[in-house]
Structures are given as C-alpha cells and as structure tokens.
Amino acid sequence: MNKLFDLGFVIGLFFLVIGLLLLGYGLTVSRQPVNYGCGMLFIVFALFMIGLSRRKRG
Amino acid sequence: MKLEWIDYLIIAIYFLFVIGIGVLLKRKIKTSIDFLMSHRNIPLWITSLAFISANLGAQEVLGMAANGAKYGLYTTHFYWLGAALAMIFLGIYMMPFYYGSKARSVPEYLRLRFDEKTRTFNALTFAAMTVFSSGVSLYALAMLMQTILGWDFDLSIWMAAGVVLAYTFLGGLTSAVYNEVLQFFLIVLGMAPLVFIGLDKAGGWEGIVRHVEDAKLHVWKGLDHPANNPMGVDAFSMVFGLGFVLAFGYWCTDFLVVQRAMISRNLNEAQRTPIIAAIPKIMMPVVVILPGLVILALQQQYDGFALPAAADGSPNYNMVLPVLLQKLYPNGILGVGITALIASFMSGMAGNVTAFNTVWTFDIYQAHIRKHAPEKHYLYVGKATTIVGILASIATAYVAKGFNSIMDLLQLVFSFVNAPLFATFFLGMFWKRTTGHGAFWGLLAGTLAAAFTHGVTTAEGKGGWIADWHTFYSGTSQAFTIAWIAFMVCLLVTVLVSLCTKPQPEDALRGLVYSLTPKVKDPARRWYKNPLWIGLAVLAVTIFLNLFFF
Numbered sequence: 001m002n003k004l005f006d007l008g009f010v011i012g013l014f015f016l017v018i019g020l021l022l023l024g025y026g027l028t029v030s031r032q033p034v035n036y037g038c039g040m041l042f043i044v045f046a047l048f049m050i051g052l053s054r055r056k057r058g
Numbered sequence: 001m002k003l004e005w006i007d008y009l010i011i012a013i014y015f016l017f018v019i020g021i022g023v024l025l026k027r028k029i030k031t032s033i034d035f036l037m038s039h040r041n042i043p044l045w046i047t048s049l050a051f052i053s054a055n056l057g058a059q060e061v062l063g064m065a066a067n068g069a070k071y072g073l074y075t076t077h078f079y080w081l082g083a084a085l086a087m088i089f090l091g092i093y094m095m096p097f098y099y100g101s102k103a104r105s106v107p108e109y110l111r112l113r114f115d116e117k118t119r120t121f122n123a124l125t126f127a128a129m130t131v132f133s134s135g136v137s138l139y140a141l142a143m144l145m146q147t148i149l150g151w152d153f154d155l156s157i158w159m160a161a162g163v164v165l166a167y168t169f170l171g172g173l174t175s176a177v178y179n180e181v182l183q184f185f186l187i188v189l190g191m192a193p194l195v196f197i198g199l200d201k202a203g204g205w206e207g208i209v210r211h212v213e214d215a216k217l218h219v220w221k222g223l224d225h226p227a228n229n230p231m232g233v234d235a236f237s238m239v240f241g242l243g244f245v246l247a248f249g250y251w252c253t254d255f256l257v258v259q260r261a262m263i264s265r266n267l268n269e270a271q272r273t274p275i276i277a278a279i280p281k282i283m284m285p286v287v288v289i290l291p292g293l294v295i296l297a298l299q300q301q302y303d304g305f306a307l308p309a310a311a312d313g314s315p316n317y318n319m320v321l322p323v324l325l326q327k328l329y330p331n332g333i334l335g336v337g338i339t340a341l342i343a344s345f346m347s348g349m350a351g352n353v354t355a356f357n358t359v360w361t362f363d364i365y366q367a368h369i370r371k372h373a374p375e376k377h378y379l380y381v382g383k384a385t386t387i388v389g390i391l392a393s394i395a396t397a398y399v400a401k402g403f404n405s406i407m408d409l410l411q412l413v414f415s416f417v418n419a420p421l422f423a424t425f426f427l428g429m430f431w432k433r434t435t436g437h438g439a440f441w442g443l444l445a446g447t448l449a450a451a452f453t454h455g456v457t458t459a460e461g462k463g464g465w466i467a468d469w470h471t472f473y474s475g476t477s478q479a480f481t482i483a484w485i486a487f488m489v490c491l492l493v494t495v496l497v498s499l500c501t502k503p504q505p506e507d508a509l510r511g512l513v514y515s516l517t518p519k520v521k522d523p524a525r526r527w528y529k530n531p532l533w534i535g536l537a538v539l540a541v542t543i544f545l546n547l548f549f550f
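Sequence lines, in order, name chains A and B.
Under this note's numbering, think of the first position of the first sequence as 1, with each following residue one higher.
Under this note's numbering, think of the first position of the second sequence as 1, with each following residue one higher.
In isolation and in its complexed conformation, chain B is listed as follows (with noise of 0.2 Å):
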C-alpha cells in the first residue's frame, strides 16, 4: 500500500487537530479535578460518545472485522448480548451509586463500600492493566503501519506516543474525551464507505448470502452445540460467560470506560450516558464486522482479495481491514481510511492513560503515599503519571515485540482479574450482608480459579499448563467458561465469608447499597430524560436484531 502527498496531509491534520484540542483545553485546567475528572463538567453527547469510543481501540476495529471473517454474524453477540444490556443494566441500577457515592473513581467506590485493601486490590491490578493495554495498542500500531506501510517500528511507536502524550498533558481528562469523540466520527465516517463499497461490489447482502457459508449467518441457530457454529461455543457459557459475567464485568466495573460517564454533569446524565452510548454500541456492527463478510463474499467473486497467511498457515484474519483499504480505497479517501485506524489505536491507548493516572494519583499515591498534600500537588503528580504511563506503555509496546508469549499471559491475566470483580460489585451493590473481607477474599478466591481453570483445561493448544482434563473447541469457548466459573467461585467465596465475619453498620452504607439508599422519583421528568424509558427502548431494539438474524 502506498500513500500519496493528500493522504500524509490528511494524517498531518489529524496530528494538528488532536494536538489543537489540548492546547485549547490547557488554559482551563487548573486543578487535579479538572485534569483527572474534567471538573464532572461533560455535556451528555460528549460523554455518551467518548463512553462507546473509549471501547473503539485497535483491538475492537481490527479485531472485529477479523472476527467477522472468522465467525461471522456470531461475532455480533459481543455488541447484541455483551454490551447493550449491561450497559443499560450500568445505567439504571449501578450509575447511582458511582456517582451519587461522590467517588472519583471504581476503585474509590470500593473503599467506601468495602475497605483500603480491596480499593488496593483493585487499584493496583487495575493500574497495571491500563498501561498493559495501552502498550498493546501501541505494538499493534507499529507492526501495523510497518506491515502495510513500510513505517518503521520505532517511528510508529515514537510518533503515536508523541501525539497522544502531547493531548493528554496539555488537557488531561477533557482532552482525551474531547478526541475520542472526534475519533468516533472519524472512524464512523472513515470507515462506512468502505463498507459501503465493498457490499456494493460483493452484490448487497444478497451477494453475501449467495458466497458466504450459512453457518456464519445465524446469531443463534448453530448455538445448541459447540461443533455447529463456528465459534465453538455452547449457548450456555455464551450467554453466562459472555452475556452475563464478561459483559457485565467489563462495561459496569471497568474504570476506562465508567469514568466517562462519572464526569457527566449530573447524575441523570451520567445515567443516561451509558444507555445513550449503546444505541450507536448495537449499530457498530455494521462498521466492524460486516466488513469481514464483505471480504469472504469478495474472495468468492474475485482474485486479489486473499488474506496473507498468519506464522501458523492459517489466513491472517486481522489483514481484513488492511487488505479492503488497500483495494478499494484510492489514495485521498486511504489516507482518511489509515488516519482513522491510527485514531482508534489512539483513543484506546489515551483512554488507559487517562484512567490510569486517576486510580494512581487518587487510589495508589494520595491513599498510600502522601495524603494530605496540597490541591496543586496532585495536579502535578497527575501530569507527572500521563508521562511515566506513556513511557510505560512504549516500554510495553517493546516487550511484546521481543516476547509475543508474555503478551498473550499478560492478557489471559486481564481476563482473570475483570471476570470475577462483577460479582464483587454485584454483591456490594445488591447484598447490604456483604463485608470487606468478603470482597477481598472472594476477588483472590475468584482470580485463583480463573488462572487454575486455564492451567487444567486446553483450546487452540493453548492452556493445561497444571493438566489437561478438557478439551474445549475454541479458545472463546474456554475464555467464556472461564468466566462464569470465576464469578461463581468469587460469588459463593464472598458470601461465604461475609457471613462469618462481622458486617458493616447500616449508617456506614447508606448510598453505597441499593436497598438503603432511598430512591429519587421526578415526575415531572419527560420520557427521553428517563433511563429506564430509554433503556427499554435500547432492550426492545437489541432483541428485535438477534431475532431478526437469529
């Protein structure tokens, strides 16, 4: 692939505008509220979109459509089954809490909830997995602008650390919000002609279903047993595992993307956000992963749209994107189409950076290291974490590049440590009964049989690390039912050992649990400011589609 002069350009503007957003946001950041929590100063839309473009990195665009090839319309069960519901379920009956609780972070909720240990528990692993995530991004960048490109590496990985540094610093919070919602619509924008293009050239979605094999067509048809569908999943662990435990426990307890919603300006908008974002959240699919059906329907029909083979001889399924840009796309509407995968690299590593420094300034430093310092302090040890987070993750980003094995550690870890944290926040929220220790203990208990599931099961060849006692047809297939055991075993270790040890006064938890906070009615309120109104409407939508594609 090949860039001309307009399509540097278009990059150069990008870079200009991204950069634009910081310096003109410098001058009102005064505080470490303004720069960790944007002073809770958010319009709805801004912070609706920032809430789905946190979730719009690298690993989302490229990995979806690579998916789409992969698994066909089954793929779009991680918008349909997990994401729509819990992000309504976050909205209606979690939102109270994060924000009518006053803390500025997850982790934060967890100490008035629960104790210091679990908040650290919490904060520490949390902090450690942004800037794991975020290099991530960064190594995915760079191979890929070097893999389609020619870009060297270290360039890639200097320039995008640069940019996203630069922003970030210069704004904080606000900044990186501001510009995921520029990068939203770019990605959006960039993005929908090329689908629109290569659906044309494949003969609509009749011409998909004509090429491509009807096992990638259902949603639900194939899901009675693992061996009828291609993701190798049972309909169990996909709606438990997925539906339930990943879903929940990524979109109602991950701080990347509930501190968007956390800086609304009230809390019926910090409500609303997450149920407003899942309405662009269930039409993602067509930009993300019909362009994988698109490209099976296109191989059918002509030569030149073959995947690169991956090290393994298996066709390289995260080129979809890649191989379509570089075929349909001329130059001028190409460098639009490269400046919004960068942007979607870029907004999923400036998210980790910016939910980073807050769990450190606010959750590690000024509840361990020094408490009672002065306001303009933690302003500068907030500035000072954007640049170690950044360097961290450039750091990262080289790691993985040496070491491809500690990457896909690394993130098996990620996936330990979110699966059980629902059921934490679950009881917490829901089971007034719940203690500190019980919280502590039932998250260890529950990322101990995480890692002891992986380490005596094995998919794809990967896994059985302690023994092999099952086989699973599909590495999601194991992922999934990872979970679900890890809630459980988090969910019975915590009530187990909430009942034995002593509970929390009433008063103490008043806000903190549902059962004891008193609930808000506005009548007067009109139906699209209600977010239950609003969610039901989403709800009736999302189930409309998986019965339309079932």
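Just chain A, same shape as in the assembly (with noise of 0.2 Å):
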C-alpha cells in the first residue's frame, strides 16, 4: 500500500470548519456563550493538529 495520507491534517480541518461555524453562529445568530466558546476551543484544537501535521511533514 502506498503510503497514506495525513489524518492530523484531515481531523484538523473538520475540527476548523465546525470550530468557525459555531464562531460564527455563536455571535452573530444564537448568542450563546457555549457555542462561541467551543468555537474558539475547537479551532485551538485544529490549528494544533494542522501545526503538527505541517511540522511533520516539514
């Protein structure tokens, strides 16, 4: 099998996504201090998988 791609990266950018929808939707629509929260929680969370992955790969 070749080899594979980098999951890191894959998780990372699912967790950025969800992170900067709850963001988004946290001070704009619902207001909710929990959904802007684990936004920015989330998107901690993806940029340290993305960093690791790109160190790796570096």
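A couple of the hints might just be wrong.
Ranges of calculated distance between the beta carbons of each label pair, as one might list FRET restraints [claimed, not checked]:
no.	chain 1	residue 1	chain 2	residue 2	range
1	B	Pro374	A	Leu13	34 to 42 Å
2	A	Leu27	B	Thr471	57 to 65 Å
3	B	Asn228	A	Leu13	48 to 56 Å
4	B	Trp158	A	Gly51	36 to 44 Å
5	B	Ala192	A	Val29	18 to 26 Å
6	A	Phe48	B	Ile13	17 to 25 Å
7	B	Leu516	A	Phe48	44 to 52 Å
8	A	Arg54	B	Leu16	49 to 57 Å
Take a look, some chain B residues computed to stay more than 10 Å from chain A by CB distance [to be verified]:
no.	residue
9	Lys2
10	Gly150
11	Gly162
12	His218
13	Ile282
14	Asn331
Treat the hints as calculated values from the structure; they're not laboratory data.
Think of the CB as a built atom: it goes at the ideal place given N, C-alpha and C, for glycine as much as any other residue.
Relying on the hints, combine the two individually framed chains into one complex.
In structure tokens:
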C-alpha cells in the first residue's frame, strides 16, 4: 500500500470548519457563550493538529 | 429536542468527512491485505486511538453514563480494574505472539497454536457475534434518534448503515480505523463541554458530594458485601469475574480490538498500542461516567432533569446523556453533541463490520471454501463481505425491533462465548503442553458451563430457565459469577484433556508459546519506547485513582 494521507491534517480541517461555524453562529445568531466558547476551543485544537501535521511534513 | 439548520449542517459536514476519508483511501487499496489488514502500515498514535475508539461504541457512551447514575463511581471498575491491567498485559505478554506469529487474525493464531477446529469454532462464533453487535448498535441508534429527535426509525437505520457501508467499502479497515480516530476526538470534544457545563451548574465536585448519596461516591468501600454497594457485587466477583476473566477475555482475545494493534508497523508499536490506549481509557470516566453523577446532583437542585420512566416504571438511565444534551446544550453545540452520539454508534458498527469481513474472508472462506484463489479474488470477497455484513446488521436491527427478548438472549450468549476464551489463550500461550483437543473441548465446556450457571441462577427476574438454585443481588453480579465459573471450567477441562492427548512437537510451537520463544532484548531502546516501563507508569496512575476514590 502506498503512503497514506495525513490524518492529523484532515482531523484539524474538520474541527476548523466546525469551530468556525460555531464561532460565527454563536456571535451572530444564537449569542450563546457556549457556542462561541466551544467554537474557539475547536479552532485552537484544529490549529494544533494542523500545526503538528505541517511540522511532521516539514 | 428540536434541531435547527446549524445542527443539521454539522451532522452533514461530519458525514461528508467520513465518506471523504473513504474516498481518499480508495485508490490506496490494491490487495486483500490492504483492504482487510491495512498492510500493517498504520502509525502508533492512530492504532492507539483506534484501539480505544473501537470500544467506544454506543453501548459505551450511553451505557456508561447510565451506569454512572445507577451505580455511581463503582462503574469506574470497568476502566480502572476491568481495562487498564488487561490492556497492559496484552501489550507486554500477548502481542509478541499475535504479531510475531504473522497471524492475520485471532482465530488464525488459534490454528497456528492448536488446530483447524478450534480456529473454526472461534471464527464462527466471533463472526456471528460481530454481526449481532453491529445490528444492536444500529437498532440502538435508530431508537435513540426516534425517541429524542422524532426521526423515522427506518430512515435512521438506512442512513447510518449507508454511511458506514460507504466508507468501509471504499477504504476497508484503514478507512474504519482513520474514522475511529476522528470519532474519538469528536466524542471527547463533543461531550467534554457538556460535563464541564453540567458540573459547573451542579456546584462543582463539592456539589456532587453534597447532593449524591455517599454510597455512589466510592470505588471499593462497599464491596465487602453485595448489599453494601449499588452494583450489588462482592469483591471476589468484581476482582476475579470482572477484573480478570471478563477484562482479559475481552481486551486480550476479542479480535475487534486486537486487530487495531495487529496492523501496527512493527512489533514494538503493536506492543505499545494497547498500553498507550490505556492512558485515555483510564481518563474516559470523566467524559462517560461523570455525566451520570452530574444529573443526580442536578435533579436535587433543579426541575427538568428527571429521567423518563422505563417500561417497568423505573427511571430510564439510558436517557442520562440525551436529557443533559437537551437541557444544557443550545442549538449549534447541540449539533456537535448529537453528531458525537451518531459517531459513537457508527464507530461501534464499523469496527464490528471490519473485524467480521477479515475473519470471514481469511478464517472461513479461505480456510474452508476456496483455499488457493488469486489474490484479487480475496479482495473481492472482502468487499462483498462488507456489503453482506452491513445487510445482516440491518436485518438484525429489525429483528431486535420486533423481539427484544431475543436480543437479551443473544447478548447473553455473547458473554458465554467470550468468558472462557481467555482460559484457552492463557493456557495456549503460557503452557506448551496444551493441545488442540484440550483447547476445543475446554472452550466448549466453558461455554456450556456459562449457559448452565445462567440456567440455574436468577437476578432481576432473568435466568433460572432450568431451576432456581441461587438469586443474585443484581444482574451484574450474576454476569461476573458466570464469567469466572466459565473460565474455571474451561481451564480445568483444557488441562485434563491436554494431559490425556498427544502433545504437539516443540518445533511447531516456537514463536507461539512463551517458554519456546526467544526473548528480544534491546538495551538501546528509550524508556518511552519500552512497553514494560510505559505499562508500569499507567499501572501506577491506575492504582493511584483506585486509592484516591477508595
């Protein structure tokens, strides 16, 4: 089997999309701190995973 | 509970990603070994998280929250007693034989060590159990979606099964394993805020201590007698039944989880996989058991946290997580919580289906139906088996809908088969005199002993279908007792029959039995790459947790 794709990047991308959605929805529509709080948490986690993935590749 | 567009969008994005992972992996799959064994090419962090995630199915996430409310901190025994030690043992002592023997599955190890009939017995029971477990996951998912979201039962079943089929068919085991890692993070990050918010509302840990009965806030204190703890279990059944027989029987011999370690890149990583997985495993009670205690504390302080009644009028503890999601999560993060629940169901189902297609293709089809076919043929069989496995799971889910008692019975048979299996492996790996006949008859006798014990004892109105010789305080206590009796019977019969039958030549057992396998020493290996040192560190933390919550 050939070299597989980087799963860390895909997981990071998933949480980045969900995090941005929650942040945007929390700040503009629901105005619930739990939404934008979790959105920010997910974005931080996503950037961590993407950063790890980039570092490994570099 | 009413979902809004944002929640549906999050669920849709999740489905898109899991299927996308399957699509990306499709072009990497060339052979049956790629499809069914990931070509033994998966990095350690992925195998470790997949190892724990394969076990993090729906029954785990919903069931442990329910047990947290019903039994309190005694539920942590499923982690701190009934998991960590067995996972360390698997890594240090058993994985060298599974991985080193080059067996492609647990049943295949049984053929190498014993004979074809022992392998076939294990392969057939395992294949049936995986399809059944997968069907139960599907049924439970559809029931939950119908109850809390008002979704159509049929739509839920076909939608979840369709998504799992898409990504397992496209990317095989690798796709299932990759998705299990994504599902692990989703479950932890989707449920952790719920625990945090609930704990904060309940007044922190002090609020739990103040509002939850003391009997539910200890791990060992009430185990001197079944009447003194909410689980209704005594210390012997807990330690020997759960901590030894059931824990080692599941974590060390169930191909569903062992498969995740067997696809590692080398033996050292295969050994470290279950031990590294034990680290998040001993932390999981924070996410899956604590919600049960949180809801008990909230019920004492606020209205609206009561659990709906079950059919017998008692609180339906399985609704702990849905009630907390409904009360504490607004739309948006609610979508993440629901997606996490769906992920746990799909993770359990995909794990079962991928283990099923490996065992079916290698241990049943190749062993008994077509032995020497071209490589491509087994790839097609593996893919076709994936479809058949999913369809059989759907059928099982519908059977479960119509006949709940049949599902109870099948669950029971599952425990009958798993409990004695560890005795077979234990003797096979550590006593070279064990023979194939001994293993086979021991396994059969242990399974029958489990069924007989269930037939002559009762608990919570179940069992006693032959006679009623003894009544247990709880079904849990009955299950633990059945497990250790089945183990002992299997052990004794295996020893007796082995001593009466011809031993296998030692040359045939090299690499399969502890005393006949040279020990590999690598003095240059760093401590964090040494399974023994990591295992000891995990064990120390586990002992500390047991003492802290004594």
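Each hint tested on the structure:
Separated by about 39 Å at the C-beta atoms, Pro374/B and Leu13/A satisfy the suggested range of 34 to 42 Å. At about 59 Å, the beta-carbon gap between Leu27/A and Thr471/B stays in the expected band of 57 to 65 Å. Separated by about 51 Å at the C-beta atoms, Asn228/B and Leu13/A satisfy the suggested range of 48 to 56 Å. Separation of Trp158/B from Gly51/A is about 39 Å and conforms to the stated range, judged on CB atoms against 36 to 44 Å.
The supplied range of 18 to 26 Å is met by Ala192/B and Val29/A, whose beta-carbon atoms lie about 23 Å from each other. For the pair Phe48/A and Ile13/B, the supplied restraint of 17 to 25 Å holds, since their beta-carbon distance comes to about 20 Å. Taking the beta carbon of each, Leu516/B and Phe48/A are about 47 Å apart, inside 44 to 52 Å as hinted. About 23 Å separates the C-beta atoms of Arg54/A and Leu16/B, a value inconsistent with the hinted range of 49 to 57 Å.
No beta-carbon of chain A is positioned within 10 Å of the beta-carbon of Lys2/B; the least distance is around 14 Å. With a least beta-carbon separation of about 22 Å from chain A, Gly150/B lies farther than 10 Å from that chain, consistent with its non-interface assignment. Consistency note on Gly162/B: stated as away from chain A, and its beta-carbon is indeed over 10 Å from all of that chain's, at 20 Å minimum. With a minimum CB-CB distance of about 32 Å to chain A, His218/B clears the 10 Å threshold, and the non-interface call stands.
At roughly 21 Å, the least C-beta separation between Ile282/B and chain A is larger than 10 Å, which holds for a residue marked as non-interface. Asn331/B, annotated as away from the interface, has a beta carbon of chain A within 10 Å; the closest lies near 6 Å.
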